[in-house]
Amino acid sequence: MSQPPAKIRLADVGIIFRPRDREPVIAVRDVTFDVPEGAIVTIVGPSGCGKSTLLNVVSGLMRPSKGMVEVDGRRVEGIRHDVGYMFARDGMMPWRTAIQNVEFGLEVRGVANRREIAREWLRKVGLDKFEGHYRHELSQGMRQRVAVARTFAIEPNILLLDEPFGALDSQTRLLLQELFLSVWEKNRRTVLFVTHDLHEAIFLSDVVIVSTNRPGRVKSVVPITLSRPRLPPAELAVAPEFRDIYSHIWTDLKDEVRQFD
Amino acid sequence: MAEASRAQGDFDLGGDPEPVARRQVLIARTVVIVVILALWQGIVSVGLVDAFWISSPILVVNELWRLLASGDLVADVSITVFEALIAFVVSSALGIAAGLLLARSPFWDEVLAPLVLALNSLPRVALAPLIILWFGIGVTAKVVTAFTLVFFILLVNTLGGAKNVDNDILTIARLMGASRRDILWKVTLPSALPWIFAGLNLGLTYSLLGVIVAEILASNHGLGYVIASSAATFNTAGVFAGLITLSVVAWLFSAMMRNIEARLLRWKPSLVSA
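Protein sequences, first through last, are from chains A and B.
Numbered according to this note's numbering, the first sequence terminates at residue 261, and the numbering increases by one at each position without gaps.
Numbered according to this note's numbering, the second sequence terminates at residue 1274, and the numbering increases by one at each position without gaps.
Check each hint, because a few of them may be wrong.
Have a look at the derived ranges for each label pair, beta carbon to beta carbon [stated by the list, open to error]:
1. B:1089 x A:182: 48 to 56 Å
2. A:115 x B:1034: 54 to 62 Å
3. A:115 x B:1019: 31 to 39 Å
4. B:1258 x A:47: 40 to 48 Å
5. B:1024 x A:115: 20 to 28 Å
Calculated directly from the structure, the hints in this document are not laboratory data.
Backbone N, C-alpha and C fix where the C-beta goes; we use that ideal spot for every residue, glycine too.
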């Protein structure tokens, strides 16, 4: 495999929290990995291993205490504005309708035909009939669809996803994972994904990085060789290749999760 | 329309109580009012209490009619409403602006917090005599008295709302490239709007209160003056006429606010059903 240029690069990153009146906490230590252009790389690890923190340093919301983070070969200094960010909570603005939520990023960028773009994205996530609905009129799954549309509508340079389907019931989660992948297939943005759901990690990713318990370190890097476009998650889950990969990664992950019991 | 869109929301958890029959409510309400008026009139007619002290519905209606016919009532109501609205608009605008400014500057918020708390806890109608001393008995003194009440209500509520913006929304907005200005106008302000409206509702009532207190203390116009001067001449019917007019004005004010609020906060689940 020829080495594509790294879109996101973390080198020797360490993050230490220093809460007032308490002992400093090392969240992440010596983390080094690359996310190649157009790939989906997923970090799996036990809760509290600093996964979300890593996303924060890539987005520039937070500075690493040590080491370096680069996007497009340039060091991240301060908050980035070319990032699509999703997390388990939908982050919808309740005072805006679905379509106005999708428009927000385009609006602050001054995009003139934002209405059409937003409408097109709502259609792609299957919410064309709900553009005038407010947050409280939408189910959790619909809200997360709005979040997907909002995230892709600004054509972000990179996508940072922090358990974006974590708050959904299992059926809805499968549907949204599928939806996400089908949207992603069409534009192939670089994605750094964080989850504790191993199925999700394997289903979506080109590479799975297993993180250790806190302080989070890279325990293993597993390339996912399943062909794209992927089968729907429910079908893929019973495929023999999938199960091999799953048990391989689970062996690594298990020890880390176990320490928490 | 609100009803239709609500029905489609699949996560509607609003446990509405049984709808009350509107007609029955209106009938019962009318009966309650009539009974109170009849009792009032009865007490006076039977001679239990002298009309000198508590007047009577008939005397009050006569007095209202007299004031209305002379044109005095219209003039007094107009001036009171004018003063209250001016005070309300100016104090609310400045209070909201101050709240948003403090929300943006944690340093000044920290510096001024005890001062705001102290001023907000002071029963500010106690300032009215001083304000009258400074500004005389004209419109200015009324507006300033109301201002001392309303400004702080809006400041405190706006600040509370602006500090309570959902962190997820802020993070997403910033990462999508929202400037500080965008954040203020498109995130903080709309997010704080329910708090601001709670303040506005209260502020309108207090605006009227401030104006009336100042009118009662020193004035030659307005509903407060009608009440105070009637009482000074033992005209209890006049006092009640003033009070009833005042409650109608207050009721109209709050109906107006509810209307604006329902329009602007259409996205609030609780208000859709209200």
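Hint check:
1. B:1089 x A:182: 48 to 56 Å: The hinted range 48 to 56 Å holds for residue 1089 of chain B and residue 182 of chain A, with Cβ atoms some 53 Å apart.
2. A:115 x B:1034: 54 to 62 Å: 56 Å, holds
3. A:115 x B:1019: 31 to 39 Å: 38 Å, holds
4. B:1258 x A:47: 40 to 48 Å: 46 Å, holds
5. B:1024 x A:115: 20 to 28 Å: 47 Å, violated
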